[in-house]
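There are 2 protein chains.
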Amino acid sequence: MFTACDHTESPFRLGGKWTAKIVRCLEDGPRRFSELAAPLRGITPKVLTETLRSMERDGLVTRTVGDGIPPRVDYALTPLGRSLLAPMAACCAWAAAHLPEVEGAREAYEQVAGSAVR
Amino acid sequence: MFTACDHTESPFRLGGKWTAKIVRCLEDGPRRFSELAAPLRGITPKVLTETLRSMERDGLVTRTVGDGIPPRVDYALTPLGRSLLAPMAACCAWAAAHLPEVEGAREAYEQVAGSAVR
DNA sequence: CCGTATCCGACGCGATACTG
DNA sequence: CAGTATCGCGTCGGATACGG
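Protein chains in written order, with my numbering: chain A, 373 to 490; chain B, 373 to 490.
Worth flagging that the hints you see were computed from the coordinates, not collected in a lab.
A pair counts as met if it fits within one copy or between any two copies, since identical chains are not told apart.
With a straight-line cut-off of 25 Å between C-alpha atoms, the simulated SDA-like cross-links for lysine to any residue are:
(1) Lys-389 x Leu-457
(2) Lys-389 x Phe-405
(3) Lys-389 x Ala-469
(4) Lys-418 x Ala-477
(5) Lys-418 x Val-474
(6) Lys-389 x Thr-436
(7) Lys-389 x Ala-458
(8) Lys-389 x Gly-401
(9) Lys-418 x Val-484
(10) Lys-418 x Ser-406
(11) Lys-389 x Trp-466
(12) Lys-418 x Arg-478
(13) Lys-389 x Ile-415
(14) Lys-418 x Thr-436
(15) Lys-389 x His-470
(16) Lys-418 x Cys-397
(17) Lys-418 x Glu-479
Please put together the full structure from these sequences, using the hints given.
In structure tokens:
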């Protein structure tokens, strides 16, 4: 999703299940691994690691490791990642505003589909 | 992706591979099935049908069937679907503007990862 | 022209358990 | 604390062929 607008193919997609939420969690500053996991309820450490790695790979976040016991790792948005905040906020606002409409449309559609079968 | 911003779970995601492109294809008015398939190079009829159905289900597009030979079916954005254009344009603009950066970051990351292994 | 039917591989995501 | 190691399953997307 959200490749360039000219219908060319692009190898990167921003559509991971958790990506948007992680960006927003990092909006107000760096967060530790466990600080990210807490608000993202239900995410497993494996998936959180995977997602953060791919975001790091794409230049959206940085990963800084502190040396000590216990370990401390901080994740932070890069300027590139920060530039994502505005467009993503627009989409999030859309979702928040129109979720009820979508759900209503779904219910209405189920009615029609259900009656069509019978 | 792009559920409500409050970290609640939501059953709907806008992250289909072709959804965004279809919305933009419909921006300037209704399009027939084949008119959609043409610019979306590589999409199979099955997937196009599936995607359009789910968008119809969510109230984003309408499907109007003309009676005649050959058959004619037009797809058009609903007001709800049209309201998606603005936020999506923001994301598409981001992608267009920052795609090179992301690709650069990927190459740089490959360098590091590759040298780390060896 | 506008789809449907079938089959299938790949990947995303999760559960669970374990480690430096 | 911050991960890694395995395993598994469901969904998404694609190839191909056929139908009204």
